[in-house]
Amino acid sequence: MQPAIALDVRPNSGVPIYRQLVEQLRAQVAGRRLAAGEFLPSVRTVAEHLQINPMTVSKAYSLLEREGVVEFVRGQGMRVTTQPTNGKVRREAIRPLLEQVAATAKQLSLAPEQVIAQLKPMLEENDDHRK
Amino acid sequence: MTTANNSPIALAGVRKQYGAKAALDGVDLVIPAGSVVGLLGQNAAGKTTLIKTALGLIRPTNGEATIFGEPSWDLSAATKARIGYVPQVITLYPWMRIRQLIKYTASFYPRWNDGLVTKLLTTWDVGGEDKVGILSVGTLQKLAIVLALGHEPDLLVLDEPAASLDPGARRDFLRTLLEVAADGRRTVLFSTHITSDLERVADRVAILRAGKIAYDGALDDLKDSVKRLHITATAPLPVDLQIPGVVKSQVEGNEALISVRDVSPALIEQIRRNYAATVGVQDLNLEDIFLELHHHA
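Residue numbers (our numbering), protein chains in the order written: chain E, 96 to 226; chain P, 14 to 310.
Calculated directly from the structure, the hints in this document are not laboratory data.
There may be inaccurate statements among the hints.
Simulated restraints on C-beta separations [claimed, not checked]:
#1 Glu-265/P with Pro-207/E: 31 to 37 Å
#2 Glu-77/P with Arg-174/E: 44 to 50 Å
#3 Gln-255/P with Ala-125/E: 41 to 47 Å
#4 Thr-140/E with Pro-123/P: 30 to 36 Å
Residues of chain E clear of chain P, computed beta-carbon distances all greater than 10 Å [as the list claims (entries may be wrong)]:
#5 Ile-112
#6 Glu-118
#7 Phe-134
#8 Met-150
#9 Lys-154
#10 Glu-166
Glycine included, each C-beta is placed from N, C-alpha and C at the ideal position.
Given only the sequences and the hints, what does the whole structure look like? Please build it.
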């Protein structure tokens with residue numbers, strides 16, 4: 096069964112449409128609105144629904160495939176992968192935040208060791224809350 | 014060109030002089046097969062001249078134009094049959110009925126998709142019994158688009174196709190354009206000055222400014238690379254701030270708004286360090302970018 100298409104793009108945004116799609120799908124997978132094993136709607140369906148160029152949808156899908164969020168299943172389409180085991184996806188998800196930390200650290204002229212020393216206890220503290 | 018180029022459209026060093034004025038001033042442009050290219054330019058930027066030169070309807074003063082590798086000025090009948098063209102100003106036989114005009118047009122082509130034509134006429138509410146002469150500008154344009162699609166051309170060229178369509182018809186037209194382009198086998202070039210039409214449909218954009226190509230490439234790349242930087246420094250910034258790839262720059266005291274052509278983490282880092290500044294990066298949509306590129310007059 097085709098899942099409902101819960102995607103919405105703003106073509107006249109400064110963010111390219113394919114990026115908007117990638118971000119929304121990534122968020123839906125992370126938030127379990129798209130569960131592992133579910134299939135993404137076909138490129139054609141999404142392109143028609145949103146009235147955008149099918150190549151834009153393909154581009155978004157292949158980016159998600161490269162990130163490991165989905166996998167291509169011959170004859171069936173793009174299937175959402177099992178996320179918890181996929182470290183790469185989770186690493187990608189935290190990357191923008193880390194980039195921000197790095198940028199701010201540089202502006203404050205903090206040495207990498209100082210930042211890591213500060214971050215490490217925070218990470219280890221969180222360890223206790225893991226199930 | 015030194016090598017044979019079989020691209021649907023290729024222009025190399027094309028100049029078109031009208032008296033003292035150069036409508037095209039050295040245009041190099043290749044339209045890759047399977048792409049949907051929006052040709053963006055202000056009025057009088059040379060869009061129509063570019064299209065007509067590419068199609069061999071006018072002869073360039075200098076340079077070379079080819080269609081599928083053949084010189085545009087001397088196209089074979091077989092190559093002509095692969096082109097669909099809707100001009101900006103449409104002239105069709107006013108005394109014919111639409112039904113007759115379609116039959117007449119179809120007779121020129123070895124291949125004609127009746128099903129597609131009928132479907133489009135129904136969708137767009139164009140009646141077959143109406144005489145061409147009484148049609149509104151919008152309906153005439155729809156009809157011209159249907160006629161250009163009937164023989165399922167490999168290359169579809171449209172000069173300001175949506176200009177005289179109302180918003181509803183424009184949406185329908187864009188949908189049809191997407192259907193036409195969906196299989197990736199067909200190549201579409203359409204000119205427009207309406208950026209929102211282009212952003213939905215086109216995968217590439219060529220920006221024509223005063224007879225020259227100011228940008229040619231993927232729309233996504235353009236949006237990813239042209240950004241506006243908000244620079245806030247701890248000390249007054251030099252008025253002639255030197256930043257590579259600057260498109261537009263406004264400096265006032267400690268602050269500057271700089272639009273750059275090729276943003277990169279390295280560039281931002283460099284500005285941060287050189288001016289002890291914080292740098293905010295703002296996304297620009299196509300209309301913003303278009304206006305920024307037209308800033309230096």
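Cross-check of the supplied hints:
1. Glu-265/P with Pro-207/E: 31 to 37 Å: This hint holds: roughly 35 Å between Cβ atoms.
2. Glu-77/P with Arg-174/E: 44 to 50 Å: Distance hint for Glu-77/P, Arg-174/E holds at roughly 49 Å.
3. Gln-255/P with Ala-125/E: 41 to 47 Å: With a Cβ separation near 42 Å, Gln-255/P and Ala-125/E satisfy 41 to 47 Å, so the hint holds.
4. Thr-140/E with Pro-123/P: 30 to 36 Å: holds (34 Å)
5. Ile-112: violated (8 Å)
6. Glu-118: holds (13 Å)
7. Phe-134: The claim holds: Phe-134/E sits with its nearest Cβ about 20 Å from chain P, beyond 10 Å.
8. Met-150: With a cut-off of 10 Å, Met-150/E comes too close to chain P, as the shortest Cβ separation is near 5 Å.
9. Lys-154: violated (7 Å)
10. Glu-166: holds (23 Å)
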